[in-house]
Amino acid sequence: MKLTFHATLRPVVGERTLDIALPPGATVATLIEILVERWPGLSEHLQAEQGELSRRVNVFVAGRNARWLDGAATALDGVAEVDFFPPIAGG
Amino acid sequence: MELRTFGRDIAHIDLAARTWEMRPAPEDWVRSYIGGRGLGVRYLLEAGPEVEALSPSNVLCFMSGPLTGSEASMSGRWVCVTKSPLTGTVTDSHQGGWSGARLRWSGFDGLVFEGRASAPVYAFIEDGRIELRDASDLWGKNIHETIRILQERYGEKDLSVNAIGSGGENQVRFAAWLNEDDRAFGRGGTGAVGGSKNLKAIVVRAGKKKSQVGDPDGWKAARSRALDGIRDENNLTSPRKGGLSIYGTNVLMNIANTIGALGTRNSQFTAFGDRAEKISGEYVDQHLRVGKPTCHACPVACKTEVEVKEGPWAGLRMESVEYEPAWSLGANCDNDDAAAIIKLIDQCNDLGIDPIELGNAFSMWMEATEKGWVPEGQGLAWGDTQAMVALTEDVAARQGVGKALSEGPAMAAAGLGHPEIAMAVKGQALPAYDPRGLKGMGLGYATSNRGACHLRAYVAAAELGVVPIEADPLEWRGKGELVKVFQDLHAFSDSLDLCKFSAFAEDAEVYAAQYASAMGIEFGSDDVMLAGERIYNLERHYNNLAGVPADTLPARFTEEASTEGGSKGHVSELSEMLVEYYAARGWEDGVVPNAKLEELGIR
Ligand code: SF4
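The listed protein sequences correspond, in order, to chains A and B. Numbering follows numbering that gives the first Met the number 0, in which position 65 of the first sequence is assigned residue number 64; successive positions increment by one, without gaps. Numbering follows numbering that gives the first Met the number 0, in which position 360 of the second sequence is assigned residue number 359; successive positions increment by one, without gaps.
The set of hints was computed from the structure by calculation and includes no laboratory data. Each residue gets a CB set at the ideal place from its N, CA and C atoms; glycine is no exception. Each hint should be verified, as a subset may be incorrect.
Cut-off 25 Å, straight-line C-alpha distance, at most; resulting in silico cross-link-like pairs (DSS-like, lysine-lysine) [unchecked claim]: (1) K156(B) <-> K291(B); (2) K291(B) <-> K277(B); (3) K291(B) <-> K308(B); (4) K1(A) <-> K308(B); (5) K291(B) <-> K1(A); (6) K208(B) <-> K240(B).
Beyond 12 Å from chain A on every Cβ pair, some chain B residues (computed) [said to hold, decoys possible]: (7) E49; (8) K140; (9) E281; (10) D284; (11) G290; (12) P298.
What the simulated footprint calls covered on chain A by chain B, stretch by stretch (three residues with Cβ under 8 Å from a Cβ of chain B suffice, anywhere in the stretch; the number is not a length) [what the hints assert, rightly or not]: (13) 7-18; (14) 49-57; (15) 60-70; (16) 74-86.
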């Protein structure tokens, strides 16, 4: 799976993209746990109350915001791309 | 500077007679339409909706709002309101920097230019006085040079200059006004109206003034509440921490690409693939940024000053690379060269033309070229940046192919016999959010009172999840009511006049508290929404009287499915959304009925 980090999340990870292999049955929550373990600085951006997505991150699973799928429980089996954005808007 | 008496100091300038007089706005207008956009539209209605946009009978209003130039955060805005030569609708276009604040500090709440000068003039404004001075030596010069000459003449200290360039002088239908910070009254062709009146520039000299308000304690509390929201570290506006503050508006490029809302090749596709990164806010920040300018009273500092480091435009330094032109002249034209985008934006800023309209004119012509609809020798290839740079000059000069494109993509495509390839609503080109990937934005474009516009509703804030009301961008249900609420809220903030981005941190209650304490009146969040609704209906009523065509979107968005990204397979369900929207508005097929006008007290 290809992960892409955007905007303020990119300097925390130090990479724009990285490839990762997830165990079968992994969800967005699993992915966040793995990432926070590797980059503890991501914790304040990605982690919220147990089982919920932080308002400080938008996780896009194949271009769809996980908020409109199953949230942190969104399944990632067979997903090729996940994008991480902080809150973003403009003009 | 007394905020409570806002509306008293409106100058009416008769360009033909070269005279002016101060006439207070009627009190009920100020009460009903607040200031800025709302008050400007009321003046426009007075001039008659049937007026020809480029005739002397049109009025050109530059209005501040009751909070412009005050200590309220993001209060450096003012607005230009006129009848648009591009759309035939009412148009209002807002500008940042310090010009609006300086107008207020110079003793004026608004300027209403009427008639036409017999020869080029500029207005010099200082200490409650206006002089119309000869501009014959400036006519024919572009904006950067005009501003430089006027700065040399009057000194840079406390000086703001707004000018038109050759685009405005030649009455390109999407000509703009720009100030010394390259901030534009960008959309709708306000610069062409200036050109038609022989008005070359507006020069204001004024030092900062402290505000006097009706309720000083309430004012202090309301402002700090607004500022707390802006500074909240979870907020995209958070200074030097939030995405908008660090990367500017072009932070949107990658997210629009991901969700399938980044129109590419004249919106034949909905994403730009890996090439989006090369024109994104992140790329510009890392490779080209040299400064982070701001506007009056704004800690966000979302502007991005850049310098091209290599290639044909090496050494070019300008401000600012926004998402809209980065898209319109970038992905939309199949161009991933950030330096070329910077060059093209700088040309637009100097010639005084709207880069959103220009990029859409180019992409339309490129599609027409691809399809073989353009006469031999007049084609434009996708992503041909050298040709785009050359053609930009021709558009402003209205010569060669540029003459057709200077009418805007809608008229130019109609001239080719293929109106369907103009991505425009009511004659104004679409901004950078594909309606198939952000469905509320599409409804916002269709129902905007100034032709396609992202800023009248900016329901993307909900669809991208940055405000407490969140909405699935691919769900059409519920968007009718949502778009109405956002349009009304922004009609109010545009009338105050605060930067649009204040809405990422402030809600109707925070706006109400600032307005009420400034004016020393009772005013709540319901009053905010009611005033916003009244202003939106006033604009629509004007358009109805002016015979503006129906609310619609180009068929590409309702019939051709999104090709890529999260929106793949989706079209815009515009008809369904319009039913919801008109029900929420109480309109009959886009027309404001008399009962609604009466209910809102519009007369
Ligand atoms: S957020 Fe940006 S555009 Fe708005 S006032 Fe601040 S610097 Fe200006």
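Tested hints:
{"no.": "1", "hint": "K156(B) <-> K291(B)", "in the structure": "holds, 21 Å"}
{"no.": "2", "hint": "K291(B) <-> K277(B)", "in the structure": "holds, 20 Å"}
{"no.": "3", "hint": "K291(B) <-> K308(B)", "in the structure": "holds, 17 Å"}
{"no.": "4", "hint": "K1(A) <-> K308(B)", "in the structure": "violated, 31 Å"}
{"no.": "5", "hint": "K291(B) <-> K1(A)", "in the structure": "violated, 32 Å"}
{"no.": "6", "hint": "K208(B) <-> K240(B)", "in the structure": "violated, 30 Å"}
{"no.": "7", "hint": "E49", "in the structure": "holds, 32 Å"}
{"no.": "8", "hint": "K140", "in the structure": "holds, 29 Å"}
{"no.": "9", "hint": "E281", "in the structure": "violated, 6 Å"}
{"no.": "10", "hint": "D284", "in the structure": "violated, 9 Å"}
{"no.": "11", "hint": "G290", "in the structure": "holds, 18 Å"}
{"no.": "12", "hint": "P298", "in the structure": "holds, 16 Å"}
{"no.": "13", "hint": "7-18", "in the structure": "holds (count 3)"}
{"no.": "14", "hint": "49-57", "in the structure": "holds (count 3)"}
{"no.": "15", "hint": "60-70", "in the structure": "holds (count 6)"}
{"no.": "16", "hint": "74-86", "in the structure": "holds (count 4)"}
Checked against the numbered hints above, the structure violates hints 4, 5, 6, 9 and 10; every other hint is satisfied.
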